[in-house]
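Undergrad: For this one, chain A is given, so just place chain B on it according to the hints.
Protein chains in written order, with full-length UniProt numbering: chain A, 1 to 182; chain B, 1 to 182.
These are computed hints drawn from the structure, not numbers from a lab.
Keep in mind the model is a prediction, meaning the values are calculated, not measured.
Certain hints may be false.
[What the hints assert, rightly or not] Here are the simulated DMTMM-like cross-link-like pairs (lysine to aspartate or glutamate), alpha carbons at most 20 Å apart as the crow flies:
hint	chain 1	residue 1	chain 2	residue 2
1	A	Lys99	A	Glu127
2	B	Lys61	A	Glu57
3	B	Lys99	B	Asp125
4	B	Lys167	A	Asp151
5	A	Lys167	B	Asp150
6	B	Lys167	B	Asp151
7	A	Lys61	B	Glu57
8	B	Lys99	B	Asp81
9	B	Lys99	B	Glu152
10	A	Lys167	B	Glu60
11	B	Lys167	A	Asp158
12	B	Lys167	A	Glu96
13	B	Lys100	B	Asp131
14	A	Lys10	A	Asp131
15	A	Lys167	B	Asp151
16	A	Lys61	B	Glu60
There are 2 protein chains.
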Amino acid sequence: MFAKISGASKGLTIVFTGNGKGKTTAALGMALRAWGQGMRVLVLQFIKGGWKCGELEAAEKLGPNFVLLQMGEGFICGANDEDWEVHCTAAQHALENAKKAIREGSFDMVVLDEINYAMYYGLVDVESVLDIIQSKPPGLHLVLTGRYADDEVVRLADLVTEMREVKHPLAAGIKAQKGIEF
Amino acid sequence: MFAKISGASKGLTIVFTGNGKGKTTAALGMALRAWGQGMRVLVLQFIKGGWKCGELEAAEKLGPNFVLLQMGEGFICGANDEDWEVHCTAAQHALENAKKAIREGSFDMVVLDEINYAMYYGLVDVESVLDIIQSKPPGLHLVLTGRYADDEVVRLADLVTEMREVKHPLAAGIKAQKGIEF
Chain A
1 MFAKISGASK
11 GLTIVFTGNG
21 KGKTTAALGM
31 ALRAWGQGMR
41 VLVLQFIKGG
51 WKCGELEAAE
61 KLGPNFVLLQ
71 MGEGFICGAN
81 DEDWEVHCTA
91 AQHALENAKK
101 AIREGSFDMV
111 VLDEINYAMY
121 YGLVDVESVL
131 DIIQSKPPGL
141 HLVLTGRYAD
151 DEVVRLADLV
161 TEMREVKHPL
171 AAGIKAQKGI
181 EF
Chain B
1 MFAKISGASK
11 GLTIVFTGNG
21 KGKTTAALGM
31 ALRAWGQGMR
41 VLVLQFIKGG
51 WKCGELEAAE
61 KLGPNFVLLQ
71 MGEGFICGAN
81 DEDWEVHCTA
91 AQHALENAKK
101 AIREGSFDMV
111 VLDEINYAMY
121 YGLVDVESVL
131 DIIQSKPPGL
141 HLVLTGRYAD
151 DEVVRLADLV
161 TEMREVKHPL
171 AAGIKAQKGI
181 EF
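Extracted from the complex, chain A is given alone in its bound form:
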């Protein structure tokens, strides 16, 4: 908890990583907070795609200052070679979109959701992401989520939180459900 300040803001690079629930949700909460303060927000989802999740429904209601694009092809576990190609293409496409949006300066906050995970699995190369972080406009807030954050990404970031799983309902046999996991 912090004292309130005014004045020019420094764009932060923020990382939510770890094996616990709350990484994407924290990024969404941060996006909501920024949107509430009148900022323009872009959320690019690198893995999610193909289903109507709560954040997508919400974004549609929030109007033009809250843009959410699902650019992934869904879960990558158990993907065969052909699927893999599709995932790679989708992730590359998401990355190009991210670069373009950042270059054009149309947003005050850009969330690259699950990009750490996409990097870890080689869908997105580390150098491209480091380049995005290092060359972003000074005022832009950049949020990167997903397990297995790269060490160099962590080194460059201003704020890093590890979400550590203490207890998870799936372990107790409770299934994933609307409004919580999606």
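TA: Below, chain B without anything else, positioned relative to chain A:
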């Protein structure tokens, strides 16, 4: 990441705790996702109050299905006896509001923001919170945030994530700013 299911949902008790950034933001993201899925959400802030933060601005724009009430009296560090009385009264008032809202069943998700912290400092007694968890309607999702979650709260919860601070911008001399911390 989970497979999508349909059918009746079990209301979960969810705890975001730990010393890292992302607890309130994760709860807000979860609230946004739930709201996007058509659920009615109440966010009760036990500590925050008295300033116009991003989530409050956002809630006002989201309409009647997303209610956010700041019932706290601000930071409690360094409070003197008189301040303490004010904080206690505010927290009790927040607790009564929470009980009433839960009893009346007007919401599908209730977020008790910073309640763990309020319990830790004795502003709210543990038994009352345990009673809320144990007697809540089966379908209600209850989210409790804040450092120092009580062991018994953790034991009763379905999902617990510890947000662990890896790196924080305040440590690097970067001040708190709009859209990120508030």
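Undergrad: Hint check: lysine 99/A vs glutamate 127/A, CA-CA at most 20 Å. Holds or violated?
TA: holds, 13 Å
Undergrad: Below or equal to 20 Å on CA atoms is what counts here, so check lysine 61/A against glutamate 60/B.
TA: holds, 13 Å
Undergrad: Does the alpha-carbon distance linking lysine 99/B and aspartate 125/B stay inside the 20 Å limit?
TA: holds, 13 Å
Undergrad: Given the hint that lysine 167/B pairs with glutamate 96/A, test it: the Cα-Cα distance must not exceed 20 Å.
TA: violated, 28 Å
Undergrad: Please verify whether lysine 167/A and aspartate 151/B have alpha carbons no more than 20 Å apart.
TA: holds, 12 Å
Undergrad: Taking 20 Å as the top limit, are the C-alpha atoms of lysine 167/B and aspartate 151/B close enough?
TA: Measuring from Cα to Cα gives roughly 26 Å; hence the hint is violated.
Undergrad: Taken at face value, is the distance from the CA of aspartate 151/A to the CA of lysine 167/B at most 20 Å?
TA: Roughly 12 Å separates the two Cα atoms, so the pair holds.
Undergrad: Given the hint that lysine 61/A pairs with glutamate 57/B, test it: the Cα-Cα distance must not exceed 20 Å.
TA: holds, 15 Å
Undergrad: Given the hint that lysine 99/B pairs with glutamate 152/B, does the C-alpha gap stay at or below 20 Å?
TA: The given pair, whose Cα atoms are some 19 Å apart, holds under the 20 Å limit.
Undergrad: Keeping to a limit of 20 Å between CA atoms, is the pair of lysine 167/B and aspartate 158/A held or broken?
TA: holds, 7 Å
Undergrad: Could you grab the alpha-carbon distance between lysine 167/A and aspartate 150/B and see if it respects the 20 Å cut-off?
TA: Since the Cα atoms of lysine 167/A and aspartate 150/B sit roughly 14 Å apart, the hinted pair holds (cutoff 20 Å).
Undergrad: Lysine 167/A and glutamate 60/B were given as a pair; does the straight-line alpha-carbon distance stay at or below 20 Å?
TA: violated, 33 Å
In terms of the numbered hints stated before, the structure departs from hints 6, 8, 10 and 12, listed from lowest to highest.
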